[in-house]
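S.K.: Residue 23 is where the sequence shown starts when you use my numbering, and the numbers rise one by one after that.
In short, the hints are calculated from the structure, not lab data. Errors might be hidden in some of the hints.
Derived DEER-like restraints, expressed as beta-carbon distance ranges [unchecked claim]: (1) I41 / K76: 27 to 37 angstroms; (2) R106 / V51: 17 to 27 angstroms; (3) A72 / V29: 46 to 56 angstroms; (4) A33 / K84: 24 to 34 angstroms; (5) R105 / I41: 18 to 28 angstroms; (6) K88 / I28: 43 to 53 angstroms; (7) K27 / R91: 23 to 33 angstroms.
BS3-like, lysine-lysine: derived pairs with alpha carbons at most 27 angstroms apart [to be verified]: (8) K52 / K83; (9) K52 / K103; (10) K83 / K95; (11) K95 / K80; (12) K88 / K75; (13) K83 / K99; (14) K80 / K27; (15) K27 / K83; (16) K90 / K27; (17) K84 / K94; (18) K80 / K90; (19) K98 / K84; (20) K88 / K99; (21) K84 / K99; (22) K102 / K90; (23) K27 / K52; (24) K103 / K27; (25) K75 / K52; (26) K88 / K52; (27) K103 / K90; (28) K102 / K80; (29) K27 / K98; (30) K88 / K71.
The beta carbon of each residue, even a glycine, is placed where N, CA and C say it ideally should be.
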Amino acid sequence: MAKNKIVDTVADAVVRAEIAVVRAGRSAVKAVTRGVNAGARKVGLAKKKAAQKKSVRKAAKKAVRKAKRAVKKVAKKAAKKVRRR
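With the hints as constraints, model all of the structure from the sequences given.
M.R.: Written out as structure tokens, the structure reads:
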């Protein structure tokens with residue numbers, strides 16, 4: 023019985039981590055797609071482009087960080103659950 027509980031906990035953690043990664047990926051794609059409005063605040067076309075690129079990069083990086091954090095959190099939670107049983 024205990025083995026099954028551990029397997030269930032691990033499987034649950036894996037599913038949650040996958041969901042977190044997909045969610046983060048989706049938000050990164052959204053950031054790139056919408057071209058982010060940061061460029062509108064700058065003057066001149068070259069600066070505008072650079073600002074847009076930078077803000078898209080920042081949004082993508084933020085999404086990746088969020089995904090990593092979510093995965094770590096899920097793993098930590100699962101380990102805690104297993105220890106308690």
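S.K.: If a hint holds in the structure, say so; if it doesn't, say that too.
M.R.: Verification of the supplied hints:
Checking the proposed 27 to 37 angstroms range against I41 and K76 shows it holds: the Cβ atoms sit about 29 angstroms from each other. For R106 paired with V51, a C-beta distance near 37 angstroms fails the hint of 17 to 27 angstroms. For the hinted restraint 46 to 56 angstroms between A72 and V29, the CB-CB distance of approximately 50 angstroms keeps it satisfied. At about 29 angstroms, the beta-carbon gap between A33 and K84 stays in the expected band of 24 to 34 angstroms.
Separated by about 23 angstroms at the C-beta atoms, R105 and I41 satisfy the suggested range of 18 to 28 angstroms. The beta-carbon spacing between K88 and I28, approximately 28 angstroms, falls outside the hinted interval of 43 to 53 angstroms. Under the hint 23 to 33 angstroms, the C-beta atoms of K27 and R91, about 26 angstroms apart, fit the expected range. Taken as a hint, the K52 and K83 pair is honoured in the structure, with Cα atoms around 13 angstroms apart against an allowance of 27 angstroms.
For the proposed pair K52 and K103, the alpha carbon gap of about 34 angstroms is over 27 angstroms, so the pair is violated. A C-alpha spacing of about 18 angstroms is found between K83 and K95, which places the hinted pair at or below 27 angstroms, so the restraint holds. For the hint linking K95 to K80, the alpha-carbon distance of about 22 angstroms falls within 27 angstroms, and the restraint holds. For a cut-off of 27 angstroms, the pair hint linking K88 to K75 stands: about 20 angstroms separates their Cα positions.
Simply put, K83 and K99 have alpha-carbon atoms about 24 angstroms apart, close enough for the 27 angstroms limit, and the pair holds. Using a Cα cut-off of 27 angstroms, the hinted pair K80 and K27 is violated, with the two alpha carbons roughly 40 angstroms apart. With a CA separation close to 36 angstroms, the supplied pair K27 and K83 exceeds the 27 angstroms bound. Annotation: proposed proximity of K90 to K27 holds, straight-line Cα distance about 26 angstroms (limit 27 angstroms).
A C-alpha spacing of about 15 angstroms is found between K84 and K94, which places the hinted pair at or below 27 angstroms, so the restraint holds. Distance hint between K80 and K90 is fulfilled; the C-alpha atoms sit about 15 angstroms from each other, no more than 27 angstroms. This hinted pair checks out: K98 and K84 have alpha carbons roughly 21 angstroms apart, not beyond 27 angstroms. Distance restraint check for K88 and K99: the Cα-Cα separation of roughly 16 angstroms lies within the 27 angstroms cut-off, and the hinted pair is therefore satisfied.
Taking the CA atoms of K84 and K99, the gap is about 22 angstroms. The hint holds against a cut of 27 angstroms. For the proposed pair K102 and K90, the alpha carbon gap of about 18 angstroms is at most 27 angstroms, so the pair holds. With a CA separation close to 38 angstroms, the supplied pair K27 and K52 exceeds the 27 angstroms bound. Distance restraint check for K103 and K27: the Cα-Cα separation of roughly 10 angstroms lies within the 27 angstroms cut-off, and the hinted pair is therefore satisfied.
Proposed proximity of K75 and K52 is supported: the alpha carbons are some 14 angstroms apart, at most 27 angstroms. With a C-alpha separation of about 15 angstroms, the suggested pair K88 and K52 falls inside the 27 angstroms cut-off, and the hint holds. In summary, the hint linking K103 to K90 is supported, as the alpha carbons are separated by about 20 angstroms, within the 27 angstroms threshold. Only pairs whose Cα atoms come within 27 angstroms are accepted, and K102 paired with K80 is rejected, the gap being roughly 33 angstroms.
For the suggested pair K27 and K98, the alpha carbons sit about 16 angstroms apart, so the restraint of at most 27 angstroms is met. Between K88 and K71 the CA atoms are separated by roughly 26 angstroms; this keeps the pair inside 27 angstroms, and the hint holds.
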